[in-house]
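Engineer: So the chains spell out like this:
Protein chains: 2
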Amino acid sequence: MNRITQLLGIKYPIIQGGMIWCSGWKLASAVSNSGGLGLIGSGSMNPDILLEHITKCKNATNKPFGVNIPLIFPFAEEFVNIVIQENIKVVFTSAGNPSKWTPLLKENGITVVHVVANVKSALKCEASNVDAIVAEGFEAGGHNGKEETTTMVLIPMVKKAITIPLIAAGGIGTGRGMLAAMALGAEGVQIGSRFVASLESSAHAFFKNKILEATDGDTKLSIKSLTPVRLLKNKFFEEIEALENKGASHEEVVNLLGKGRSRKGMFEGDLNEGELEIGQISGLINKIESAEEIISTIISEYFQAKNELSNLEF
Amino acid sequence: MNRITQLLGIKYPIIQGGMIWCSGWKLASAVSNSGGLGLIGSGSMNPDILLEHITKCKNATNKPFGVNIPLIFPFAEEFVNIVIQENIKVVFTSAGNPSKWTPLLKENGITVVHVVANVKSALKCEASNVDAIVAEGFEAGGHNGKEETTTMVLIPMVKKAITIPLIAAGGIGTGRGMLAAMALGAEGVQIGSRFVASLESSAHAFFKNKILEATDGDTKLSIKSLTPVRLLKNKFFEEIEALENKGASHEEVVNLLGKGRSRKGMFEGDLNEGELEIGQISGLINKIESAEEIISTIISEYFQAKNELSNLEF
Numbered sequence: 000m001n002r003i004t005q006l007l008g009i010k011y012p013i014i015q016g017g018m019i020w021c022s023g024w025k026l027a028s029a030v031s032n033s034g035g036l037g038l039i040g041s042g043s044m045n046p047d048i049l050l051e052h053i054t055k056c057k058n059a060t061n062k063p064f065g066v067n068i069p070l071i072f073p074f075a076e077e078f079v080n081i082v083i084q085e086n087i088k089v090v091f092t093s094a095g096n097p098s099k100w101t102p103l104l105k106e107n108g109i110t111v112v113h114v115v116a117n118v119k120s121a122l123k124c125e126a127s128n129v130d131a132i133v134a135e136g137f138e139a140g141g142h143n144g145k146e147e148t149t150t151m152v153l154i155p156m157v158k159k160a161i162t163i164p165l166i167a168a169g170g171i172g173t174g175r176g177m178l179a180a181m182a183l184g185a186e187g188v189q190i191g192s193r194f195v196a197s198l199e200s201s202a203h204a205f206f207k208n209k210i211l212e213a214t215d216g217d218t219k220l221s222i223k224s225l226t227p228v229r230l231l232k233n234k235f236f237e238e239i240e241a242l243e244n245k246g247a248s249h250e251e252v253v254n255l256l257g258k259g260r261s262r263k264g265m266f267e268g269d270l271n272e273g274e275l276e277i278g279q280i281s282g283l284i285n286k287i288e289s290a291e292e293i294i295s296t297i298i299s300e301y302f303q304a305k306n307e308l309s310n311l312e313f
Numbered sequence: 000m001n002r003i004t005q006l007l008g009i010k011y012p013i014i015q016g017g018m019i020w021c022s023g024w025k026l027a028s029a030v031s032n033s034g035g036l037g038l039i040g041s042g043s044m045n046p047d048i049l050l051e052h053i054t055k056c057k058n059a060t061n062k063p064f065g066v067n068i069p070l071i072f073p074f075a076e077e078f079v080n081i082v083i084q085e086n087i088k089v090v091f092t093s094a095g096n097p098s099k100w101t102p103l104l105k106e107n108g109i110t111v112v113h114v115v116a117n118v119k120s121a122l123k124c125e126a127s128n129v130d131a132i133v134a135e136g137f138e139a140g141g142h143n144g145k146e147e148t149t150t151m152v153l154i155p156m157v158k159k160a161i162t163i164p165l166i167a168a169g170g171i172g173t174g175r176g177m178l179a180a181m182a183l184g185a186e187g188v189q190i191g192s193r194f195v196a197s198l199e200s201s202a203h204a205f206f207k208n209k210i211l212e213a214t215d216g217d218t219k220l221s222i223k224s225l226t227p228v229r230l231l232k233n234k235f236f237e238e239i240e241a242l243e244n245k246g247a248s249h250e251e252v253v254n255l256l257g258k259g260r261s262r263k264g265m266f267e268g269d270l271n272e273g274e275l276e277i278g279q280i281s282g283l284i285n286k287i288e289s290a291e292e293i294i295s296t297i298i299s300e301y302f303q304a305k306n307e308l309s310n311l312e313f
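Chains as they are written, first to last, in numbering that gives the first Met the number 0: chain A, 0 to 313; chain B, 0 to 313.
Looking at chain A on its own, in the form it has when it is part of the complex (with noise of 0.2 Å):
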């Protein structure tokens, strides 16, 4: 037991991260389940499909869930009046600013977490009041920091910063990572891609296939000039990276960009046309399990590593 397992009230340190098109009932269910903490990935949902799977994941564990809001989405209010109207017992939020809502989810007996990618807002959360921090490294699929920190640094750099407990997020998909990412100074993780491929997960199968043919070098940070993002290489990305290459304006990048191309890519699975979030870490995964599967063969890991560093003298 650390301080993130009782904060959550979760058997092991590992949290679901709530992604859009990937992180429905059916998987935040079966992650919570199996010991760990599912969230209900909100940002690709309204507010109606979000009570929809608010209600299906009540219905399907006693355990404890929480959502995920990203706060510059325009249903952010809603869903906040949501989660608190549902009696939701975690809230995680993530780009924006951490001290808008997490008064009034607080007041609400709703414990806070909020995701950064650098040391000044984390410290920003900390002012907030927030409970908990995941600060996710440059190695992370989807919406990332302008610093390019890896996690590998950041976990430490936030560390030293915050006296709250730290979730480390970004390129951690395996109990040796797990165990590297604790042996930083964070007190539980929170995974991402690895879920993605998971059977559970609401991402289509054409896009989970492609996930465990990625190797080294087959994501990239991409459309950095409105807000990095890290994508799985394929034609959308390329015609994306051609065109900020040759020093494009805002305006053509947001034309190629045009509307729904997560959805078209993660949820139905056009790998050419559609925006692929996905970490670096796809290159280590290699196949679709149950998330109950995968939080128990990380589990099982990270123990192994720890008892073959246990061993190690010098």
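The hints are simulated quantities; they were obtained by calculation from the structure and are not laboratory data. Just to be clear, a hint being listed does not mean it is correct.
Identical copies look the same in the list; a pair holds intra-copy or inter-copy alike.
Calculated lysine-lysine pairs in the BS3-like style (CA-CA distance at most 27 Å, straight line) [as the list claims (entries may be wrong)]:
(1) Lys258 x Lys223
(2) Lys234 x Lys145
(3) Lys88 x Lys232
(4) Lys119 x Lys232
In this text the structure is predicted, and so the values were computed from the model without any measurement.
With chain A fixed as given, assemble chain B onto it according to the hints.
Structural biologist: Frame of chain A; chain B shown alone:
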């Protein structure tokens, strides 16, 4: 003891990176005398200077030390002949094809370690019969892989692909970082930036002080249109960045770069016009210490963090 300490004949599995303008005989011998492996960084030397550093290093330590040779360097062949003639026991090669000089070096009884940034090159190293590999992540200072794979992801990927011993580099400068790297499957660590800021480093005092001031986001992978290199942000960096962002030609970037930029920055201390190569971990470096203090601090932090991990059960 593990395969790396045995292979290199050292007490602690800590290698000091062979860095241009920073790691001459003073630093290399100090590291070797403190139980790690010191490397003379030949990439900023000519044959006479290298010979002088080797001679002085031999006089300063009776422990094993090595020489780093960047294989694309014009003097590479002469340097190979020098290390053979001088009976050097360990050579780290980088930036080039490991199959070219490994057979000759090994015939002469030299242990050969090659530096890579991706899985493909790691496989080539193993096929070339090198004795060990350094896998260096995106967060590292200086020259860097085009894949942008971070240490957190690169180490387990390379580990899975090869059977020879693996040394992790990039983002490691503390005992916690070392423990994380070992958790990921490395059997040793190569540390650069923290030794740049050591008493015995030949980096200019202005550059060392600038490293102490660096925080989160103060370095960036740059000059990507030629060879990616991680730089501390300064006037020179901003100029290169502006040029590349507007889609400049190869020739324009080469012209701005000019000659002798790294000497100017790192050795002569011109913090505006010089090229300042350093890793992301600079954000965690806050004092100039001797190599001996650095190594003893890292080792004690390593064991403290290992004990903390042992006590954590769930």
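Engineer: Next step is simple, just say for each hint if it's right about the structure.
Structural biologist: We went through each hint and held it up to the structure:
In this homomeric assembly, Lys258 and Lys223 come within 27 Å of each other (Cα to Cα) only inside a single copy, at 17 Å, whereas the closest approach across copies is 30 Å. With identical chains, the CA atoms of Lys234 and Lys145 are at most 27 Å apart both within one copy (24 Å) and between copies (19 Å). Taking the shortest alpha-carbon separations for Lys88 and Lys232, neither the intra-copy value of 37 Å nor the inter-copy value of 43 Å comes in at or below 27 Å. Taking the shortest alpha-carbon separations for Lys119 and Lys232, only the inter-copy value of 18 Å comes in at or below 27 Å, while the best intra-copy value is 31 Å.
Of the numbered hints listed earlier, the single one contradicted by the structure is hint 3.
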